[in-house]
Amino acid sequence: MNRRDRVINQNKVAPLSDITRLIKDGDTVAIGGAWLSSHPMAIIRQIIRSGIKHLYALTILGSVDIDILVGAGCLDRLMFSFVSMEAYGLPPNFRRAIEKEGLKYDEITGLAIILGFEAAGRGVPFLPYRGPFGSDCVKERPEFYKTIKCPFTGEEMIAVPAIKPDVAIIHAQRADPAGNTQIEGTGGSDLELAKAADKVIVSVEEIVPTDVIRQNPYKTKIPRFYVDMVIEAPFGAHPTSSIPSYVGDPWHMMKYMEMAASPESFKDYLSEYVMGSEAEYLEKIGGPKHLDVLRKLAREVKLL
Amino acid sequence: MNRRDRVINQNKVAPLSDITRLIKDGDTVAIGGAWLSSHPMAIIRQIIRSGIKHLYALTILGSVDIDILVGAGCLDRLMFSFVSMEAYGLPPNFRRAIEKEGLKYDEITGLAIILGFEAAGRGVPFLPYRGPFGSDCVKERPEFYKTIKCPFTGEEMIAVPAIKPDVAIIHAQRADPAGNTQIEGTGGSDLELAKAADKVIVSVEEIVPTDVIRQNPYKTKIPRFYVDMVIEAPFGAHPTSSIPSYVGDPWHMMKYMEMAASPESFKDYLSEYVMGSEAEYLEKIGGPKHLDVLRKLAREVKLL
Amino acid sequence: MSDYAEDYSTAELVCVAVAREVEDGDVLILGSFTPLAFVSYVLAKVTHAPNIMYMAYSSVDARPFRLTFGSYEAAATAGGVARWNMTECINSLYLGIGVDVEPISSIQADQYGNINISVVGDYAKPVLRGPGGAGAPEVVKMHRKMLGYFPNHSRRTLVPRVDFITGTRWKISNEERIKAGLRPGPIKFITNLAVLRKDEEEKPFRIESVHPGVSVEDVVNNTGFELAVPDDVPETEKPSKEQIRLLREVIDPYGMVAFDFKSGKERLPYLRDILDREVKALGS
Amino acid sequence: MSDYAEDYSTAELVCVAVAREVEDGDVLILGSFTPLAFVSYVLAKVTHAPNIMYMAYSSVDARPFRLTFGSYEAAATAGGVARWNMTECINSLYLGIGVDVEPISSIQADQYGNINISVVGDYAKPVLRGPGGAGAPEVVKMHRKMLGYFPNHSRRTLVPRVDFITGTRWKISNEERIKAGLRPGPIKFITNLAVLRKDEEEKPFRIESVHPGVSVEDVVNNTGFELAVPDDVPETEKPSKEQIRLLREVIDPYGMVAFDFKSGKERLPYLRDILDREVKALGS
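Residue numbers (the working numbering), protein chains in the order written: chain D, 1 to 304; chain G, 1001 to 1304; chain B, 2001 to 2284; chain V, 3001 to 3284.
Don't take each hint at face value.
Stated by the list, open to error - In silico DSS-like pairs for lysine-lysine, Cα to Cα no more than 25 Å straight-line:
no., chain 1, residue 1, chain 2, residue 2
1, D, Lys149, B, Lys2171
2, D, Lys296, D, Lys255
3, D, Lys146, G, Lys1149
4, G, Lys1289, V, Lys3280
5, D, Lys146, G, Lys1146
6, V, Lys3125, G, Lys1104
7, V, Lys3145, V, Lys3238
8, D, Lys149, D, Lys104
Note that these hints are calculated values from the structure, not bench results.
Could you put together the complete structure from these sequences and hints?
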């Protein structure tokens, strides 16, 4: 994306269906969020709906975001340090694709991926650190880990290369139309993804006027000059969480695990939940009453 | 400072005079703030009052903080990228000491110093970047800049070494007794100083209960595990600014420039303003009425 | 009268054993859904280690909180004094000041201190593709103590040589660790049967203690690698009555800590039951 | 009738010339006390470049503000959409996405595009110890355009070879810049007399324009290095009436922009007068 256009354009609001303007078949797509938190699930469902294929998906700590993309056949390749459904078990489509269907993947250690994104954002071709010495991950992907000697102390360090995705997709609490994005809950390394990527799509719980952003500038984690498109998608992280607005949806996660257990029932999952609109999705998962429970669970916490 | 003690100690509040517990003759001291903003001036005056000498002071963008320490004879050596009184001219003691008295110094380029602090805080012995190619600063201090080749792209980069001060001194808006420190205005690279230093002293406009900190966690820039001592010092950045509480004091800066113009009148400056207590200092610079003007100037701004 | 509880589950015993590994002043991280670690940290914080600092998701220095299934992340976040994203967290904590302990669960672990969270079988064509190590490959070597926990101590889990080294302690003896710029500290595996410990490259894991009711033979027979067995193996310290009360009444009233010790099949129904109770407690 | 103002100061002319170098969509940084740069950016933003982004101190994407002497930093900070400290700022802007222009004032500049903000005379025993370059040694090569401004165009300032290279453009021609991974763009020096420009390593600076009322000879005679003089040297575009109105009535009613053009002796009295008026405007 042209950097100047990003700065000039103060109204980046678009409908979800517009993601096809920025995500193309074959792109490298970095996915925000971490664990079962803050994944850009509405955008991911839209990728599936739009029939975008042959993607190289990059995740640090993925979960249902990755599993659903794998299951829908959108990926040609995957970079990850971790893909887990956490309490719900191992990710069924991810396992099947690797164990049975030979999905190509790069298992890169967690800190290395993050440093790779960070390097891109700060304009350096590599960053050094005390890397995963002794891990077989290094043997499997030697092109990603190079030994480098500190020119001051002589210490052996590991260098990792800058990672530059075509697109980063991120879900956050709120943004203004220009793309100034506030994150309140679990943020993963979303800022570094945004800095590293050529194009950045942010979906948010709500779009607000810039004055609202200025009221608490300390919450603004991704300024507008990293953002190309802003999409209003309430519950756009569902079934993952968007703290403090709502918790992850354990009921839907259980339903997902059940339906992802076989390729056949996963097809049913896609047609029932994904192939309609987001509005239909929110109805199908339980509608307003259910969403209220998820909101309530996020509020009623007990500190000791 | 023992890292474990830092985490265990939840009450680090001390009187200003206690800085001698942490700053010793001969120490390397990194000074927070930048330009004419947020310098830890109360701590600096206390260093002079306490007769601490032979320091190696490190600043990124220094001003009156450095000039006063130089003039009071506290420094054996200085690292800086910039020392300027900005609108008020060149720093008189700094100039005299270098032009006439042969003060030893390391003029290190601005980004290099910051990356050096950052390296220390993130546990690497160096960080690479596209450094000051062609600058004579590199020729003067070749031990600080080493050429390093990116192992992925072959590009020539500059590596700078981790900088690890004995002590960092910082002024901020507020902290709780455990040291969780909030910065609202101009922050310099205070966080990186705190991460890099062995011991960290923070002075603040006000000490508040931890619950106040939790009300807006987004403002908390230096968490308690980097802090060893918390000092309540209202107007502790004076004559520099602490936005949004008060602006820098132009009247006092002009007085300072006048009295720092010669070594003799600077002695008078020190005895009149510095050698008494901070309470006396605040009276001498103009008392409550004057301080109100500085507060008011910080509030009554005109946005267009 | 003893202060030790008589009525406790294996999960509670292991949880308390992990909590005992936490020392006041430790710096810790909570991330993935690991109820046992969450509960252990909170238990430590409300008892013997009130000043520990834990990162919980993006929340710095989170307050102790009641563990629930629906809202644990919200609770962890609500009490923080600052927000750091994952990048700040790795650079400042993992790579910077260093994390003290972090209980890690893995598919396999071996006699060298290697862990495997990646694959069972051949890497190119695995029998089981696991979740991957997240940051473990980098950080287990950096933790002051390496702490593995295994709800199911068996020859399938504790193997002579892992199929794939996802992460490793790298340097084990205090001498080697200090030489490599790492903080000294042992490897400990806390399992449903015993506590195993390794302090030297060249010496095997030894049994540090066996849990009440478990025999040394059980431990040896269920371990896939050689163990050093001291002449007199102590019994793992039981949970105190107060610890059990805190777990059940204050920190973990829904019994989340038992989750890891359930079989795969039992897990979802177990969670569903907790959820039902949790939603009921919300009121309407 | 012309839209150009007839009544303007040299300071205002230079300020407007700098503002004209700002293009919409630029990313800019305000830091040190440089009223001319502040006013130029704000003028650009409220006229032809409404969507520029400037960092002002720790404030990201600050709103345009009225420049005053007492409260410029507070004003710059008050309107920001985010806070970044200097480290975030250098890594993300200077080294990351890149800054477009940043007017830099220096003690000396030379025909090679080198600037000296460090020392006059010998480095070890200088006649004048200057403030140092801050980040200039690293960033002048990275800016899209290098912009020097000189309130006092003279042979003492524009010298054949600077005494000390604090910073340098490093690569000058667009070809060399692109090869080195830098964005293409010229070097421009905007002075109280003229605009000078350099586009090639091997070719001298040329006079791009002379200010109204200044002769080409004045420029050549006051420059310490060779200049290319085109056959037909255009006049620097004058400020428009609207630009002058905005400067005087809205952005800079106290005339801060003239500060750099005052002699050393005039400066403090000038500031004192501004302060008096500013405090009076505060009311009691």
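Verification of the hints:
no., hint, verdict
1, Lys149(D) <-> Lys2171(B), "holds, 19 Å"
2, Lys296(D) <-> Lys255(D), "holds, 21 Å"
3, Lys146(D) <-> Lys1149(G), "holds, 12 Å"
4, Lys1289(G) <-> Lys3280(V), "holds, 15 Å"
5, Lys146(D) <-> Lys1146(G), "holds, 19 Å"
6, Lys3125(V) <-> Lys1104(G), "holds, 11 Å"
7, Lys3145(V) <-> Lys3238(V), "holds, 21 Å"
8, Lys149(D) <-> Lys104(D), "violated, 32 Å"
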